[in-house]
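Visitor: Chains V and Y, in that order, are what the protein sequence lines are.
First residue of the first sequence? That's 1 in this note's numbering, and the numbers climb one at a time after it.
First residue of the second sequence? That's 1 in this note's numbering, and the numbers climb one at a time after it.
Because the hints were derived from the structure by calculation, they are not lab data.
Check before you lean on any hint, since a few could be wrong.
[Unchecked claim] List time: in silico DMTMM-like cross-link candidates among lysine to aspartate or glutamate, alpha-carbon distance up to 25 Å:
1) K101/V <-> D56/V
2) K106/Y <-> D56/V
3) K101/V <-> E193/Y
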Amino acid sequence: MALLEISGVSKNFGAVSAVDRVSLSVEQGELFALLGPSGCGKTTLLRLIAGFERPDRGRIAIDGGDVTDVPPYRRPVNMMFQSYALFPHLDVVGNVAFGLKQEGMARGRREARVAEMLALVQMSDYARRRPHELSGGQKQRVALARALAKMPKLLLLDEPLAALDRKLREETRLELIGIQERVGTSFVFVTHDQEEALGMASRIAVMDKGRVAQIGSAAEIYERPRSRFVADFVGAVNLFDGVLAAGFNAVALKVPGLEAPIALLAEAELPEGGEAALAVRPEKLRLSPGRPEGIAIAATVEGINYQGGVSVVHLVAASGHALKAQMASAAATSFERGMPVWASWDPADGVVLAR
Amino acid sequence: MSAWGWRRWLLIGPPFLWLAVFFLLPLGVVAAISLTQAADAIPPYTPLLTHGPNGLELQASLANYREIANGDLRAYGNSLVFAGVATVLCLLVGYPIAFAIARAPKAWRNPLLFLVILPFWTSLLIRVYAWIAILQPTGLLNRALAALGLINSPILLIYNDFSVVLGLVYGYLPFMILPLYGSLSQLDENLVEAAADLGARPARVFFAVVLPLSVPGIIAGALLVFIPAIGEFVIPDLLGGPGTLMVGKVLWQQFFDNVDWPSAAAIAMVMVAMLTAPLLLAQRFVERPHSSRMGANET
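The shape of chain V in the complex, shown without the other chains:
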């Protein structure tokens, strides 16, 4: 049985539909990401799980128990707020102990648990500090310790790393994964940062306009996106919009501006005449001075964006498509602005997206 079971949940704010018929389940021990652009409903969904909002339709069950009508203070979940929401009138210990006090835990056990939590987040030396005396990263640790202190079945994290600077964010990402593995609690976190979701989550739900666009592992979401939105939102992508047509022995995509239709390796049945898009990740695009076998698009190098270990070569195809090819920086040195090249890819690397 799934730890968290959301079935057909909708939530409207006035005329705005924030969450629209969302169903998903999270298993025990998962590190689950809700990924999407701002306004996609991911934070509202998190607040529905926490109990701060009541769904207009649908049910939410945690560990087999229906919690749809259960107030937040009686749900077996805890939340780490984006702003951390530490109590300014209590010190670090007071903050971490707050939830345990509500439980009525005996003083001795409470003190032991607080000490254990502070050790877990490496904040034992700051036990008597007040929130305003802590740095952003320290506040984040205290907020995490406070939310984990009650040992919830499910921990909700709202943009856990958004308030940290880039370097600290990457360290903290690994730490969060480590802590999650150690405590074994399921984490559901909200993020707008696809790197964060891909790098941390065991599974990701990509959300768009209040609906779940796709659920899958990081590799599935990235390698096999199921819609144009997912392909475009998660990572960089080269997209070719066209119409499906019958080819020699398979379906092909007729793209306006390209002389030859692109032959597709179709896994599913594709309706002839339907609109579709082909997505090719920048790192799958190969560039060569001479025309290679198979699919090839004539293009001109627009510029090269050096990013350290890798470089992104920006191209403009003869058809007018703007393309990106990512490669090792050493390989990118053989290209220069204005140079005519052929862009090609292995047909297996092209993902067909029905529209």
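Fit chain Y to the supplied structure of chain V, relying on the hints for placement.
Guide: Okay, now just chain Y, sitting in the frame of chain V:
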């Protein structure tokens, strides 16, 4: 003096000058008069400095203070009790109102605050007279209760301690509501949610998070009610009975009825001293949240 110091004094000079001319100087005059004796003269007190054989001589005397200390101290006690009770009642009545306004939909808040301030558009004197019309034996309230058959003969609602406290609470309630609202409207909604998320029921959320974080507003409101209520004259004079003696009334009697300026000045000085004590106490309280020691006994 450096250019910076010179400019700094230019900036902070005017408020200091204002304080000196319009507060310290008058206070000094009152203090000086409190050390003289009443006399049948213009102004009606003996001079503090006289020309004697040895030049200028200081004629200061603490007789007025001695008189206060040996005399009837009930008026001072009454003032403290009335002001204290009024402050507590203002807090109990004002907190739910301020809380409701702070939690009201945004579009409602300003109109509601406007309603709180609205009574100030009429003079306090007129509003107190209106209370007389409501409370007197043949007043609105007694007639209404009689018409409803709840009472047979008028009940005494005015010229007693009840009507004085009622008047004080009515008159000073806005001074309690406004700072409380200021403090409660700044409360981060996430803190309330975080407390609920950690298992606190609504009542616990209030006492463990909302109330402690509104302490600055409570202190400001309490001072704004307590300090003027101690010296209040109009309300006890118009709504109080012969038994309700407050410092403001005693001061009025000494100054206007007995034309005893020095004694009135001494009473005023004692009042200032009485008010300084709660101010200093409050300052300690307000400073406490900034020290890292508070909450050290948590857990």
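Visitor: Holds or violated: K106/Y with D56/V, Cα cutoff 25 Å?
Guide: Cα-Cα ~24 Å, so holds.
Visitor: Please verify whether K101/V and E193/Y have alpha carbons no more than 25 Å apart.
Guide: OK: K101/V and E193/Y at ~16 Å, within 25 Å.
Visitor: Run the distance test for K101/V versus D56/V: straight-line Cα separation, threshold 25 Å.
Guide: violated (33 Å)
Violated hint: 1 only; the structure is consistent with all others.
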